[in-house]
Amino acid sequence: MNKTLLLSLGLLAALPALAQNSQHLVKVVATPAPAGLAAPATDLPLTLEHAWQLAEQGNPALKSARANLAAAEGQLADTQALLWNNPQIAAERLRRTVPDPTQNERTQREWAIGLTQTLEIAGQQGYRRAAAEQEMAALRETIEEIRRQLRAEVEQKFVRVVALQLRAEMETGLVDLIRENSTVTRKRFDAGEDTKLDANLAEVELGRARNQLETVGEQLIQARAELATLLQLPAEKLPAVKGALAVKPGLPYTLDQLLTAAAGRAQLRALDHREQAARNRLGLERAAAYPDITVGLNSAREGPGDAREKIIGLSVSVPLPLFRRNGAGIGKASAELTQAEIEKQAAGRDTRARVLVLWQKLDSLRQRTQRLDQSVLQRLEENQRLSTAAYRAGEISLVQMLLATRQVLDTRREVLEAMTDFALTRSELEQTAGWSASQ
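Letter by letter, the sequence shown follows residues -19 to -1, 1 to 420 of mature numbering (1 follows the signal peptide of the UniProt record, and there is no 0).
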């Protein structure tokens, strides 16, 4: 089956074997871009691994997410301190003038110094620290999810370029074949064996084939441009890629394994951390309803120099929570927790449903590709070879030969489209489930 599948993706006569042992749908094999499609390209064709590296190095969204780590680390560092509030120190120096009946007036120099510290009494620091740790963990999982989404997007655009390169090779082979048949038709017309209608029909078919090749070339340029944009490559460099499409009879995972992986996907882990952070923030806001205690220690020197008084004092102040009980903060934190819970539940449900749908679609595409190859394509290829030989021997008309050729070409296009859809669907399935080759 693999042999005929690969034959269906190349030239009409034959295509070199492309299947390689790999866990990826898109294999890194030496399949150069088709000649004749003029477009500026990078010096060397890209492999999928190289494309992933370029994307991770230059993607703005991934860079922005990683830059947010500094803010989260700073927030976490603040919560690691012994106390949340900084102590306050106050110093005072006075010059006091005191009336004296025996003298004109008397000047006294006095000073005072004090230290105060506000203390939280309801465990706010623990809630604050736990929330910061959960936010940091959520950010790391978010970065991983962005990276996986980026790799999946790169792989899908890479697959489209590979498919269009193979399609261009197929169309190039068709042009060559029709050109040969057109030459035969012209010779037979000059010899009086074919009619003018047959000669014109051959030229029309050649023009249609060339137009189709040019159309595919334009689509290939657009696909390369989209890939270059995603990889942050210069606009004047459109990347050619080397890879192949192959539908393997088996997959390296089962549906149960995918569902298990989906339950632990980075996106869901990030949402779980955000839910825990929201729950800790709610605890923090509720604890903030309890008043903070401010403790102070003071020392001062007062009085005249010959009767200087030394004063040491301890003060405690507590605000009375009579009018404001942090209702706004508690309500906002409660709403954020509810939203985080809903988002987590919805994401888990949607992820599971999406995995099931994509699994069924992938299985359908595999069966459809096998059916086209085994029951249709093999017979049509045989008919095409027989009809070409029969036409050159003068046994059938040009119309019959072109009909057989068109049937083969249309079927090969359908096989290529099915294999492309299979590769794209598999990439989306693995990204949705959070599957990696190391699992």
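Among the hints, a few may not be true.
[To be verified] Simulated crosslink set (DMTMM-like; lysine to aspartate or glutamate; CA at most 20 Å straight-line):
#1 Lys229 to Glu395
#2 Lys229 to Glu409
#3 Lys223 to Glu91
Worth flagging that the hints you see were computed from the coordinates, not collected in a lab.
Hey, Lys229 versus Glu395, does the alpha-carbon distance stay inside 20 Å?
18 Å, holds
Is Lys229 close enough to Glu409, meaning Cα to Cα at most 20 Å?
17 Å, holds
What's the verdict on Lys223 and Glu91, does the C-alpha distance respect the 20 Å limit or exceed it?
86 Å, violated
Of the numbered hints listed earlier, the single one contradicted by the structure is hint 3.
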